[in-house]
Structures are given as C-alpha cells and as structure tokens.
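Colleague: Sequence:
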Amino acid sequence: MKQFKLIILFIIATQVIFNCSHSIPARESIMDNVTHIEDSLYLEFPDAPRLCDALEIEKTYVDIGDCKLYTEIEGSGTPLVLINGGPGASHHSFHPWLSEAKGHFQVIYYDQRGCGLSDYEPGQGYSFEQAVDDLEKLRKALKIEKWILLGHSYGGGIAQYYTIKYPEHVIGQVLVGSVPMMNLEEFQGGREQEYYSEAESKKIAELLAMARSREITIPQYVFNKDLNGGWQRGNYYKPTPERMAQNSLYDFVSDPTYSSDWAIYNFENAFIECPIPTLIMEGKYDLIWKADRPSIMGKYHPNAKLVVFETSGHNIFADEPQRFANEIKKWTNSVKPPTSRSIEKWKDSVDGIIGDGLKLIASSKDFMRLIQESGVQAASDYYIKFKKAQPEKPLFFEAAMNVMGYEYLLNYDLPEAIAVFKLNVAEFPDSWNTYDSLGEALLENGETEAALKNYQKSVELNPDNDNGIQVIQKLMQKR
Numbered sequence: 015m016k017q018f019k020l021i022i023l024f025i026i027a028t029q030v031i032f033n034c035s036h037s038i039p040a041r042e043s044i045m046d047n048v049t050h051i052e053d054s055l056y057l058e059f060p061d062a063p064r065l066c067d068a069l070e071i072e073k074t075y076v077d078i079g080d081c082k083l084y085t086e087i088e089g090s091g092t093p094l095v096l097i098n099g100g101p102g103a104s105h106h107s108f109h110p111w112l113s114e115a116k117g118h119f120q121v122i123y124y125d126q127r128g129c130g131l132s133d134y135e136p137g138q139g140y141s142f143e144q145a146v147d148d149l150e151k152l153r154k155a156l157k158i159e160k161w162i163l164l165g166h167s168y169g170g171g172i173a174q175y176y177t178i179k180y181p182e183h184v185i186g187q188v189l190v191g192s193v194p195m196m197n198l199e200e201f202q203g204g205r206e207q208e209y210y211s212e213a214e215s216k217k218i219a220e221l222l223a224m225a226r227s228r229e230i231t232i233p234q235y236v237f238n239k240d241l242n243g244g245w246q247r248g249n250y251y252k253p254t255p256e257r258m259a260q261n262s263l264y265d266f267v268s269d270p271t272y273s274s275d276w277a278i279y280n281f282e283n284a285f286i287e288c289p290i291p292t293l294i295m296e297g298k299y300d301l302i303w304k305a306d307r308p309s310i311m312g313k314y315h316p317n318a319k320l321v322v323f324e325t326s327g328h329n330i331f332a333d334e335p336q337r338f339a340n341e342i343k344k345w346t347n348s349v350k351p352p353t354s355r356s357i358e359k360w361k362d363s364v365d366g367i368i369g370d371g372l373k374l375i376a377s378s379k380d381f382m383r384l385i386q387e388s389g390v391q392a393a394s395d396y397y398i399k400f401k402k403a404q405p406e407k408p409l410f411f412e413a414a415m416n417v418m419g420y421e422y423l424l425n426y427d428l429p430e431a432i433a434v435f436k437l438n439v440a441e442f443p444d445s446w447n448t449y450d451s452l453g454e455a456l457l458e459n460g461e462t463e464a465a466l467k468n469y470q471k472s473v474e475l476n477p478d479n480d481n482g483i484q485v486i487q488k489l490m491q492k493r
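Last residue of the sequence shown: number 493 in this note's numbering, and the count goes up by one each step with no gaps.
I should point out that these hints are in silico values taken from the structure, not numbers from a laboratory. Remember, it's a predicted structure, so these values are computed and weren't measured experimentally. Here a beta-carbon is modelled for each residue, glycine too, at the ideal position from N, C-alpha and C. Check each hint, because a few of them may be wrong.
To be verified - Distance ranges between label pairs, derived from CB positions: (1) Glu58 to Pro351: 24 to 30 Å; (2) Glu52 to Asp269: 27 to 33 Å; (3) Lys402 to Gln491: 38 to 44 Å; (4) Glu52 to Gln491: 39 to 45 Å; (5) Gln491 to Lys160: 28 to 34 Å; (6) Lys399 to Gln487: 27 to 33 Å.
To be verified - In silico lysine-lysine, DSS-like type, Cα no more than 25 Å apart, as pairs: (7) Lys160 to Lys359; (8) Lys373 to Lys343; (9) Lys154 to Lys373; (10) Lys116 to Lys343.
Kindly produce the complete structure, drawing on both the sequences and the hints.
Modeller: In structure tokens form, the structure reads like this:
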C-alpha cells in the first residue's frame, strides 16, 4: 500500500522552519490549501549548511565496542536521550529545536549505527534488536544510570522496546508521533491524500517513479517532493527551500545496505499495565497517521499522559517548539519513579504477552534472510514445503514481508517485489493490504488486468480502502 510504503522509507523525511529564533512567523500552513507546482526539476540544492555547525555543542564519537556512534551533548540536568525516526534517518532532524530543553536536561543526540555520522558497521546485520542494544551500550559508555527516552516516529519504537528490555534504566519515555508497534488495522494508512491536491498527488507520483527508475537520487526526490506539496505530510507550516534542502541532505542519511525489521515486532497490550511514566505527544495534523490515532494510542497506553498539539504535524518539536519543551519539563517534574517490585511484575506480564511473538520473530527473520541470501524462488520453494508439513503454523509476519516487498519495489526490482507480495497474499489471504501491495507492484510492472483484480479484492475486503478505490476508478476509465 502506497501510504505504508512511504511510512517505512520516509517516515521522518520532512521537517519545518529554518529560524533559529524558534519563533513562528506568519507563513503558509497546511490549512491554507495552497497548490504550488514547480515548473522545473531541481537537481542542485540551495546553500544549506548543516545545523550542527552553528550550535555550540559537545561533539564526539562514543565507542560501544564494535562501532562508534556519533554523539552530541548539550545542557545539564536529567539525561534526555533523543532517538530519531526513520529507519535510516539521523539526529539532525532534532536541530535546532531540542536546544529549547538544554536548560532543564542534559540533552543527548546520537546517530544510530549505519546512519548519519555514525560508523557504518553492520555487525551481524542491521536490525531493530541491534538498534535497541546499541542504545543500552551507549548508556553504559556515557556512564548514565538512568535516563528519559524521547523517541520520535520510528525512534518511538526503539524507545518502547528499550523500555521493555531495560526498564530499570528508564526514568520515563516520551513518544512523539511514535510508530505504534502494534499490527492493528486502526494504525494502517495515513491521510496525506486528503490534503494533497490532485496536481500535487500527480506530481509526487511522477517524482517517485523517477526515483524508482534511478533517474533522480533519493535526496533529489525528497527535495522536489517537498517543493511540490509533499512538505504537508510531515509539517504544519511550510518549510523554507533551505530547510527542505537540509532535510534532504542531512536528515535522512544511511548506509545503502541499512535496514530494520521493526515491523516484525508487535507490542499490543504490552503497555497496558506499564509502571514506567510515559508521555505521548501527538500532532493533530500528523498526516502519517489517521485522525483518531491519539485516542487509540491512549487506549493501549492507559497509564500515559496524552498531549495533542493543535497546530502541529508529525514534527511537533519544530511546529510548536516552546510548548513542546514546556510540556516535557512539566511532565518530568510530575514523574514518580516506579518501585522495583512493580517493574519486575510488569516484566513478567510482558514476557507472557509477547513471548510467542518473539519466537515467530525468529522464524520470520530466518525466512527473510533466506530471501536475501538465496533469492525469492528458493524461499518460495521452502514456503511450499513448510506449509505442506505444517499448514496451520505461521512462518512470517505480514508487515515484515510487506516492508521487504516495498524495498524491492523502490529499488525497481519488480519480479522480486511481485514474488514477495504473492507470498504475503498466500500466507494472509484475508488481508486487504496484501492485495493492495501486490496490485501496486503489478501495476508498476505493466500488468494492468492482474493489478486491477488485486485492487478489487483489496477493496472487497476493505471498502474503506480509498487508495484502492481511486486506482480502480482510474484503471476502469482507461479500459
């Protein structure tokens, strides 16, 4: 599904406002509904220096054993570690906004392994588990006993898993527009199409096709997408061209082999009885998610404080920086540390909730590794044999295979993408999203009739699949 694909590869790829005073002048916002389509394709970027260079901040590389993580530290007080989104993004997305917090916290920025300015050392292979354990190694290297985790978007997923694995070192967690880490229908899909004009949607689709066919680079795609209305997906206020360029050049930088299997993990119900203080921060106009997302997040984090920002998109800290910093300070001052007994009790309950899921995660990882190392055909043959022997036993997660399919699709490896999506349809024949994704790959490959059938099946299973409905209408008109 198109929305899901964009969530995985560019979930934090837009930022707002290049204004070091942190004030928000009168400017175009998402509510103005202005359509602007550029006459030209921009392959060069405007002069846009790295924001770190203008900040008086401690910069270092922290050795965590098998690689070094680029780290910046400013301010003093309670340690607050910032975990950026992605997967594949960098700490740069937090600049200069989180400097607002340095008067109350020791603010720690870092780039995850394989991203930004950190070492590109895959180790046994980049993974979600590795990212979480690297964060724990960073804590030890910095000699911090306990800290507050602030996770934005994908980084919110890392924060949640770190809290599950190492709760004794967590003062509290702040989840900012966080990935939910729950494979629930309510969290699938976004709403950018409700705000893009028809001209913007068409232009962005053209640019994406150029990126897939390698006519333009990913940074060039992101920059031109934002210039042509794509900025609305992550922002409430329209960024300047300079800030769009910084986003394209510095915010999303990673090893070409970088990947994350975060979508395999499902923490549904894991935080229902969580004693770790949690602050959930949501932007009312965060178009990556559906409009009712804040209440759903609150439902699965019932002990958390929920704050909704009325004039913010996905990047709340950039849209409302002063209020953002104030809310964290206010929440921190009210935090009461949980007892060791309550933490142990919660850890036991979490083991019962996600234990079987972790076993399936191991199986899913093995299957995806088989695809990567031996090819889709070998994996398909194995799948057929496995299902004959154990027809009721699941082999992999739907979301993880969907992500892998889109990785092939974005690299324009269409036969592989189609084969992966077909495996997902075979394993999850009642999921509307598997048919939607397969339909997209088939359409990209020029197999119009086969694509139409899959989109029709997707809409049959989910009549609210607006993307599928729109594609069907367009295909029917061309008949």
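Colleague: For each hint, tell me whether it holds in the structure or not.
Modeller: So, going through the hints one by one against the coordinates:
1. Glu58 to Pro351: 24 to 30 Å: violated, 52 Å
2. Glu52 to Asp269: 27 to 33 Å: Given range 27 to 33 Å: holds, Cβ gap about 31 Å.
3. Lys402 to Gln491: 38 to 44 Å: holds, 43 Å
4. Glu52 to Gln491: 39 to 45 Å: violated, 27 Å
5. Gln491 to Lys160: 28 to 34 Å: violated, 60 Å
6. Lys399 to Gln487: 27 to 33 Å: violated, 41 Å
7. Lys160 to Lys359: Status holds; Cα separation ~19 Å.
8. Lys373 to Lys343: Roughly 39 Å separates the two Cα atoms, so the pair is violated.
9. Lys154 to Lys373: Cα-Cα ~28 Å, so violated.
10. Lys116 to Lys343: holds, 11 Å
Consistency with the previously given hints fails for numbers 1, 4, 5, 6, 8 and 9, ordered from lowest to highest.
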